[in-house]
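> Letter by letter, the chains look like this.
10 protein chains.
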Amino acid sequence: MTTKKEAAAAVLAAKTRLGLTWAELAEALDTPLAWTTAALLGQHPMTEEQADRAGEVLELSADAVAALRAQPTRGALDSPVPTDPTIYRFYEVLQVYGPTIKELIHEKFGDGIMSAINFRLDVERVPDPAGDRVVVTLNGKFLPYQW
Amino acid sequence: MTTKKEAAAAVLAAKTRLGLTWAELAEALDTPLAWTTAALLGQHPMTEEQADRAGEVLELSADAVAALRAQPTRGALDSPVPTDPTIYRFYEVLQVYGPTIKELIHEKFGDGIMSAINFRLDVERVPDPAGDRVVVTLNGKFLPYQW
Amino acid sequence: MTTKKEAAAAVLAAKTRLGLTWAELAEALDTPLAWTTAALLGQHPMTEEQADRAGEVLELSADAVAALRAQPTRGALDSPVPTDPTIYRFYEVLQVYGPTIKELIHEKFGDGIMSAINFRLDVERVPDPAGDRVVVTLNGKFLPYQW
Amino acid sequence: MTTKKEAAAAVLAAKTRLGLTWAELAEALDTPLAWTTAALLGQHPMTEEQADRAGEVLELSADAVAALRAQPTRGALDSPVPTDPTIYRFYEVLQVYGPTIKELIHEKFGDGIMSAINFRLDVERVPDPAGDRVVVTLNGKFLPYQW
Amino acid sequence: MTTKKEAAAAVLAAKTRLGLTWAELAEALDTPLAWTTAALLGQHPMTEEQADRAGEVLELSADAVAALRAQPTRGALDSPVPTDPTIYRFYEVLQVYGPTIKELIHEKFGDGIMSAINFRLDVERVPDPAGDRVVVTLNGKFLPYQW
Amino acid sequence: MTTKKEAAAAVLAAKTRLGLTWAELAEALDTPLAWTTAALLGQHPMTEEQADRAGEVLELSADAVAALRAQPTRGALDSPVPTDPTIYRFYEVLQVYGPTIKELIHEKFGDGIMSAINFRLDVERVPDPAGDRVVVTLNGKFLPYQW
Amino acid sequence: MTTKKEAAAAVLAAKTRLGLTWAELAEALDTPLAWTTAALLGQHPMTEEQADRAGEVLELSADAVAALRAQPTRGALDSPVPTDPTIYRFYEVLQVYGPTIKELIHEKFGDGIMSAINFRLDVERVPDPAGDRVVVTLNGKFLPYQW
Amino acid sequence: MTTKKEAAAAVLAAKTRLGLTWAELAEALDTPLAWTTAALLGQHPMTEEQADRAGEVLELSADAVAALRAQPTRGALDSPVPTDPTIYRFYEVLQVYGPTIKELIHEKFGDGIMSAINFRLDVERVPDPAGDRVVVTLNGKFLPYQW
Amino acid sequence: MTTKKEAAAAVLAAKTRLGLTWAELAEALDTPLAWTTAALLGQHPMTEEQADRAGEVLELSADAVAALRAQPTRGALDSPVPTDPTIYRFYEVLQVYGPTIKELIHEKFGDGIMSAINFRLDVERVPDPAGDRVVVTLNGKFLPYQW
Amino acid sequence: MTTKKEAAAAVLAAKTRLGLTWAELAEALDTPLAWTTAALLGQHPMTEEQADRAGEVLELSADAVAALRAQPTRGALDSPVPTDPTIYRFYEVLQVYGPTIKELIHEKFGDGIMSAINFRLDVERVPDPAGDRVVVTLNGKFLPYQW
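Residue numbers (the working numbering), protein chains in the order written: chain V, 62 to 208; chain U, 62 to 208; chain C, 62 to 208; chain F, 62 to 208; chain E, 62 to 208; chain X, 62 to 208; chain R, 62 to 208; chain L, 62 to 208; chain G, 62 to 208; chain Y, 62 to 208.
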């Protein structure tokens, strides 16, 4: 039985071998870019059709395709505080601006949270003469505390 | 000597007592909303002028005003993994989508990071018939690894 | 400025001094029992009316009443793994049955979570000849993963 | 020798391959749903008869069947704080409502705990026009501190 | 309001000042030795009568007496692994003999636990020509796993 | 080379396969019950004779027999705080009664410790009409602090 | 698929077998010494040309060469606090001089950081009659906090 | 008795109030810049003369002056992994380049370490048209492993 | 009530104020040097006579004298891994040579430990032309594992 | 490629198989006892000659011999706090006497450390009528803080 982690490794290897991009994979599956990347990395289950299509494009084994469909136990960081600099910067944002985001959500919505389930994210490259910018948009439904 | 943490507590108390919002405080200081909130919570130093203005609006002591100007030692979470649900959801986004964000940054920009220093963030309320949405935009300059 | 933690200590002291129960406090505030307990312990903000009523019944200071209305930064355990035996048993349930609960939620609902925000809980005493039973009901809206 | 963890993986693989549900497995073994799930995931030992029946239905190897009967060393979380969102919500409930549950147990029963050994749990789907609800019932015998 | 920890410190100070032993305190309260020690150190609540008697013997303040009656949030170690050598040896016993104790409980009783709630302990000095021995007896009701 | 951990796994497998109990193994080796269990689980080295006898009774490989004789690096818990409920209860006893045990040792013996080296333990089943009891006796030489 | 960690092990083995130095490898690749070492240890991706050249000089497998080109997930310490004495001394420098470095950066540049991305380092041996000295130069672009 | 931490806070407050820089303080004490900063922050003991001079320039209390002379227990980070971004970048350098630095020290010197005791550091601003650079030089005596 | 930690702080302050050395204090108390230091730092209880003599020499308050006599809860490090370089080196010795010491104890004595209770230590300065040496002697009774 | 850890395991297996002692191995290599043990356990690199001689005596494979010569990444404890009782006692010494050792080093030498690099240790058995004693001597060059 192939785990989702092994399937993700197979995806990465195939993606490099075949010279594919996440954008091309998303297009091939007709699914949003970030969702597709997350699903192929093992954080979302795929439908049978999506997994089959991914298996075809990435020339995956039947076992890896089955793994793509399996329900994930989520959590992708190796340690509570990430060490990779690209990922760490987002943890740093949380360390510096976490209470700020909390205050502004409460001011604009009242007591509650941004859902991380009814949620989508986007990563964009925005040209800027002073150096292009990474713009990550986190978009989740507001859920008020409701007894 | 008042610490920045004590100054932040004084800000919160005054804000409640005077019935002010972060939006009104940002307007009074003529600074961006999220920056203003972060600075008043002690994560950014204020200029003399900004601190004086904040002190005026929030009726702070001279010591608290001095603290607002001091250079912060940043880091606002009480523990490596935040326990407050509103803040935790952003940690969860990192746990579930961290490697996805990393992959997409590398695909769109090459090897490097989103700066958390040359950086701004925004928290918006976007109306939606299925429930209004929290949209948090993280916007940082791309910094390529450069030896 | 009184913190919510100090207010909770004041509540506990007054409750003992006045010989009140959580049930009586819930009745006095006309709010659900568990919600009332959680709010007076500092995990939910009260409305002005509720806080005033609580202050009256518990003979709290104006500062403590203000603290009851403040937005909480939630998280009530002193350490990631609780040491108090009464609380630990629930952590143990998570250690032993966590994946079971996850499997059954996914089988009955598909991919998603039980909301801990649109959520209520109840603690009941159920008579049993072999020893009365503690029945804790966790009741949260199902939130499907939705991009 | 097959470990209980390997047996659980074999169970999950077979369950998917054969298109079985936990409900069908519970019915086949004539044991409660949540208990069956927990036992097949390795957190409870099965009797010889139960393990044989499970092996038959799930087409398991003799080694896996033997593992199902073995006494477990319990504990199913990979880290003290779970990262999977579906499981984390229950940890969050503990963070937010732990002391509330403790207070109410003490008010209704006196000093003691809810047993996690003389214990059963149930996960139900309760229809609700505002969105169906997950209802998890924790039901344990009250054990008073008794010297 | 005096916490149970402050009350315990007051107990220790008074005990030294008055030259009392735990054995004398247990006799004065007519309660078992180890229970008395644990209760005075804040790990068990006392009845009104017991607390009053302890207050009398130890010349405690009314606040400290009230604290002795309060429901404890248990947990007496400063860190997950104790550093004091006298206490550490018991942690070492767990590190070396934990699985042995587990195996023998299961062999003699089946699947279940020794209750730490319906439980008493005793510390005795047993004379031995090769050096007197500390004999600690842990005595808890067996609780079988019971669904 | 077989590690002591692998040898312990082989012991457990053989014990189940051959339907032996720890009591029978202790009798076969003519060694105390708890010591035998601990030694076969890898926490004590066996003499050549003991290991050979154990190998005979349990039909172990020569490598496993050699491992039983090897000097152990002790420590049997997978994490600082054990998760298995049967073992955890003893950790809980330490959390609740650790300082009590310390106080009583000091009162009865003076400054020092119970040795965990010149030490033996026993696990007994004591019949009780209200439910049989697990009685664990920890018996160690008192070692006074001695410069 | 070879991981970057396995490729690094292959590099170290080959380097020893062939009697090569990092300096010779850097010369062969015509890349800076420290960068070359870091890249071969798996912390920087190589271009196709660099990886091929490294593969040639170190007689690596095609899989190892491919791994050298792959995007790394960075982070080379086995634990948050390093145990190797040569590496630990730099952690100690951070423990003792971290706030000093922070103060001096802020005094000389204002609020901001030394980039660890637009960054290079050098390790030199500086002769000294009292014992040669290790001189490590950390050289990063200053990045001012900029909203 | 003033602790070195309290003395450091007094130094920072006085430095701000009097508008002094670390450079001016170093000049006033006639000691190296980074050493002076570290000593005033409590990580190095001062001689009587240095402490008196510092007390004069910074208008410190006699207690604070005494604290500056005391032997420090070193260690300036609040947690094993620093959260302040300016300090964190140096931890990140260790995460990414630690083994590289180790390899190069061993290649240039053999088995041993850079002393963090016979050690000095320097923080410089180096003008650069592409953005000025922070250059931190760590300079320690090489200490070979020597039995 | 003065804690042993506060008493230790008072000792250190008095020692500095009066210009005393540990050697002079040991002589005044007629107790071994390292024991005296440890006891005055709160890790060993003093007899009434010793505490009184220490109080006299160091001009301590009656409360501090009482604290010196109290039974300590031992453990003097602020964190599991010490950060002070002078103390850390001994932790490093354990990291590098721990298993070596274990092997040699077992080779010379058999299975058992060096007692840390029936134990004394000594710190000496040994002149050496290549630089004087710190010689720390750990001297504990061997305790064989004995059931 | 054999790691140093695997080589150490091979050394231990061969040592047992051949019935050799560390003392005999040290004699065969003509190196100090503790150094030899540490080097064979993987904490010091051997010269070609030493490794070859060790390989001969212990009948090791060429790969294991190569591993003995490799530069170690030091650190031999499995967790920050050791669990093996023989090793733990030395950690306990650090917990109880760490600050004492620090005070005495500073009193006898001034500000600085005992080197753990220019360092040797010895483990001896000293006969004593009250029970033989383990004497561990830590002998390191004093290194004064020197800017």
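Hints were generated in silico from the structure; no laboratory data involved. One or more hints might be untrue.
Pulled from the structure, derived: some chain L residues nowhere near chain U, Cβ distances all over 12 Å [said to hold, decoys possible]:
{"hint": "1", "residue": "T77"}
{"hint": "2", "residue": "D91"}
{"hint": "3", "residue": "E109"}
{"hint": "4", "residue": "E117"}
{"hint": "5", "residue": "V142"}
{"hint": "6", "residue": "T144"}
{"hint": "7", "residue": "P146"}
{"hint": "8", "residue": "T147"}
{"hint": "9", "residue": "Q207"}
Quick list of simulated restraints, FRET-style, between CB atoms [unchecked claim]:
{"hint": "10", "chain 1": "R", "residue 1": "T77", "chain 2": "U", "residue 2": "T64", "range": "48 to 56 Å"}
{"hint": "11", "chain 1": "V", "residue 1": "S140", "chain 2": "E", "residue 2": "E120", "range": "30 to 38 Å"}
{"hint": "12", "chain 1": "E", "residue 1": "T82", "chain 2": "C", "residue 2": "D183", "range": "31 to 39 Å"}
{"hint": "13", "chain 1": "R", "residue 1": "D172", "chain 2": "Y", "residue 2": "H167", "range": "51 to 59 Å"}
{"hint": "14", "chain 1": "L", "residue 1": "A123", "chain 2": "G", "residue 2": "D124", "range": "18 to 26 Å"}
{"hint": "15", "chain 1": "R", "residue 1": "G171", "chain 2": "V", "residue 2": "D183", "range": "28 to 36 Å"}
{"hint": "16", "chain 1": "C", "residue 1": "D139", "chain 2": "U", "residue 2": "A89", "range": "33 to 41 Å"}
{"hint": "17", "chain 1": "R", "residue 1": "T82", "chain 2": "V", "residue 2": "S140", "range": "30 to 38 Å"}
{"hint": "18", "chain 1": "F", "residue 1": "E85", "chain 2": "U", "residue 2": "G80", "range": "40 to 48 Å"}
{"hint": "19", "chain 1": "U", "residue 1": "D193", "chain 2": "C", "residue 2": "D91", "range": "51 to 59 Å"}
{"hint": "20", "chain 1": "L", "residue 1": "E88", "chain 2": "Y", "residue 2": "H167", "range": "53 to 61 Å"}
No experiment lies behind these values; they were computed from the predicted model shown. Think of the CB as a built atom: it goes at the ideal place given N, C-alpha and C, for glycine as much as any other residue.
> Do D172 of chain R and H167 of chain Y keep their Cβ atoms within the hinted range of 51 to 59 Å?
violated (37 Å)
> Confirm or reject the claim that D139 of chain C and A89 of chain U have a C-beta distance inside 33 to 41 Å.
About 39 Å separates the Cβ atoms of D139 of chain C and A89 of chain U, which means 33 to 41 Å holds.
> Indicate whether the distance between the beta carbons of D193 of chain U and D91 of chain C respects the range 51 to 59 Å.
violated (29 Å)
> Hey, does T144 of chain L actually stay past 12 Å from chain U on C-beta?
Nearest chain U Cβ is 3 Å from T144 of chain L, so the label is violated.
> Taking the CB of E88 of chain L and the CB of H167 of chain Y, does the distance hold inside 53 to 61 Å?
violated (29 Å)
> Could you check that no beta carbon of chain U comes within 12 Å of the beta carbon of E109 of chain L?
Answer for E109 of chain L: holds, closest chain U Cβ roughly 26 Å.
> Holds or violated: 18 to 26 Å for the Cβ distance of A123 of chain L and D124 of chain G?
holds (24 Å)
> Does 48 to 56 Å hold as the CB distance between T77 of chain R and T64 of chain U, or does it fail?
holds (53 Å)
> Just to be sure I understand the hint, the distance between the Cβ atoms of T82 of chain E and D183 of chain C should be within 31 to 39 Å; is that true here?
violated (47 Å)
> Take a quick look at Q207 of chain L and tell me if its Cβ sits farther than 12 Å from every Cβ on chain U, holds or violated.
Label holds. Min Cβ-Cβ 35 Å, cutoff 12 Å.
> Just tell me: holds or violated, for the beta carbon distance of T82 of chain R and S140 of chain V against 30 to 38 Å?
holds (33 Å)
> Was T147 of chain L rightly flagged as not at the interface, with every chain U Cβ beyond 12 Å?
T147 of chain L is in fact no farther than 12 Å from some Cβ atom of chain U, at 8 Å.
Comparing the model with each numbered hint stated earlier shows that hints 1, 5, 6, 7, 8, 11, 12, 13, 18, 19 and 20 do not hold.
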